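Participant: Taken in sequence, the protein lines are chains A and B. Final position of the first sequence in the UniProt record's numbering is 343; the numbers increase by one with none missing. Final position of the second sequence in the UniProt record's numbering is 336; the numbers increase by one with none missing.
Check each hint, because a few of them may be wrong.
Claimed, not checked - Taking lysine-lysine pairs in the DSSO-like style, the calculated list, with each CA pair at most 27 Å apart, reads:
#: 1; chain 1: A; residue 1: Lys307; chain 2: A; residue 2: Lys28
#: 2; chain 1: B; residue 1: Lys121; chain 2: A; residue 2: Lys307
#: 3; chain 1: A; residue 1: Lys28; chain 2: A; residue 2: Lys265
#: 4; chain 1: A; residue 1: Lys28; chain 2: A; residue 2: Lys137
#: 5; chain 1: B; residue 1: Lys121; chain 2: A; residue 2: Lys137
The hints are simulated quantities; they were obtained by calculation from the structure and are not laboratory data. Because the structure is a prediction, the values reported are computed rather than measured.
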Amino acid sequence: MVSIDIETEDGQREILRRMLTIRAFDTKAGELFADGELPGFVHLYIGEEAVGVGAISALEEQDYITSTHRGHGHCISKGLDTYQMMAELYGKRDGYCNGKGGSMHIADVDAGMLGANGIVGAGPPLATGAALTADYKGEDKVALAFFGDGAVAQGQVHEGINLAATWDLPAIFVVENNHFGEATPMEQQHNVEHLSATAEAYDIPGFTVDGMDVTAVYEAVKEARERASSGEGPTFIEADTYRYEGHFEGDHQPYRTEEDIELWKDRDAIETFKNRLVEAGAITQEEFEEMRDEIEAEIDDAAERAKEADYPDPSEAYEDMFNATVPEINDFAARMRADGGER
Amino acid sequence: MSTDTASGGGFSDTETMTVREAIRQALREELERDEDVFVMGEDVGRFGGVLGVTGDLVEQFGEERVRDTPISEAGFTGASVGAAATGTRPVVEIMFSDFIGVCSEQILNQMAKNRYMFGGKTEMPVTIRTTEGGGMGAASQHSGTIHTWFAHLPGIMAVAPGTAHAAKGLTKAAIRSNDPVIVFENKQIYEQEGEVPVSEDYTIPLGTASVEREGDDVTVVATQRMVGESLGLADELEGETSVEVIDLQSLYPMDTDTLLKSVEKTGRLVVADESPLSYGTHAEVVARVQEEGFFSLDAPIQRVGVADTHIPFSPVLEEEILPHAEDVRAAIDRVV
Ligand SMILES: Cc1ncc(C[n+]2csc(CCOP(=O)(O)OP(=O)(O)O)c2C)c(N)n1
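Whenever a hint applies, use it, and build me the whole structure from the sequences.
Facilitator: As structure tokens, this is what we get:
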């Protein structure tokens, strides 16, 4: 399930559940990485949950998203299974990419998740392409690209948006302005105060929304989706948000202070939204805590199972290159093996 | 892998046409055959393509299916990746292969890696057509021959037709393939005529070379423009030296078996390809033949290509750089 109705209590609880799932998943991923359990890099989404959940909850199930190197939150928002995600983080065969992608490349095209991406700024042209397919085939599908404030400095981001704007494609471009591109503050990377100002250059609507307020993100994307699916073209949304953790684990973060982080944590998206629901009587504090404990237990279990799962067979490294059979791959592989296979 | 013959593998009904017309016929047939196929690139619509390949296709298929793009190679090449992953079959024209520098990220990291990285769960049925080669006085930013880069890049198939029938067969096979294929067209041979099977079913399987002329004394494995140059030379040498000419056609995958069989017969090999000589397409052919066919060889293998330079503007300089039949002849003379 992806699309939800924020007006209903069920919808609100679901939004809370998704944000909590992201936080639990990435907290766990951070711990596992610190313990030397996970290979590669992991980039945590903690603090930014309202953006992914708010945006994707406003989409329909059939819609596409493209993601970034910080993609776990987008995957969970799109309804991906946390065990298969964990298995991918471990490089196990049960992972979404059979262990070939890892944290930075989780994808589930059938679910409309066109991939996390290790290349900053590569996603917007891909989303434009998915929107082009929808437009070409006359399907009611929208493609939403997530990208960071750092990515906005990349040329291909602008090419992708310009193309979608010129062709009135059903696309939505969401900048997660978490104020840093790795260690460089947003102000040192851009000359505009609000990145949404770039929308003007394409003559498409551009908004800056509070990315710590899941409702605000949801509503902006809902409106953008309506515009997109009625043929009025793309919208550019900047979500003002913050990442609580380092760019990568072990980042000593000389670019900000603990006080800065605390200021943002005071506006924590999960806490704020939960308090609002408690006040409105949609959930009690006890129910919330129960929900959180349950999710944390689920994530622990997923991680435990992923740890125990099988690695792919080494021979699978030669698979999935092409749809067609290409004999050289096996020939070369055989020749490279110590026992010297014959051609 | 089977060898496709010059007659087009049993397709006897042919028509004489240029390489340009052969490619356009391939595009037309595939656009007709499959609604999911569409063509996009700079000026491919009303203008008919800057080198005239798409021609009048827009009149038959409309602007949705033969679409002009803004001048944004990264944008539309990236869009072709997203489109291919979601169920269409884009055919992208990149005006000059030199411009691939502008969008190489989308080819290198997205198009080539998508399927593998996602554990085989996506397909990438995208075709890129682009032009290569000197000879037009276009200077170095519009004359490069870069196919080695992409033949070398895992996850990409690369083909390069040397004749009109290869141009049609390979283009159609590329479009029908569920894998990313780049078709490298040499712009000097667009006007070259040949017999082309007119059947809509005619394709050349990717990974097959074609023996265009049989001979006994030396094998010339050629690509693109060098195929025609070598065939002309073989005619000239008739009675003196018997030259077998093979159009490599598919750079990756490569039809090693056809090359080995030929060298087994002739014992001598010349590789002629209009790209820089170091670390190139030539080297790959040489490596494969010596690894498997070393004991068939009666003489060292010879390479004919570009001397690791860019392509200069002045006709005198350009003429100096580009390989021609006489260079192939000199190479043959060294080994026969
Ligand atoms: C093309 C490219 N350049 C550089 C990097 C290294 N890199 C990885 S993440 C990152 C920062 C990206 O910042 P932003 O887009 O704001 O995303 P955020 O990390 O803040 O979520 C950089 C520079 C990369 N992966 N790709």
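Participant: All the hints need checking, so say for each whether the structure fits it.
Facilitator: Okay, the hints, checked on the actual structure:
With a C-alpha separation of about 13 Å, the suggested pairing of Lys307(A) with Lys28(A) holds against the 27 Å cut-off. Proximity of Lys121(B) to Lys307(A) is assessed by CA-CA distance (about 23 Å); at most 27 Å being required, the pair is judged to hold. In summary, the hint linking Lys28(A) to Lys265(A) is supported, as the alpha carbons are separated by about 19 Å, within the 27 Å threshold. Using a Cα cut-off of 27 Å, the hinted pair Lys28(A) and Lys137(A) is violated, with the two alpha carbons roughly 41 Å apart.
Note on Lys121(B) and Lys137(A): the hinted pairing holds, with a Cα-Cα distance of about 22 Å set against a maximum of 27 Å.
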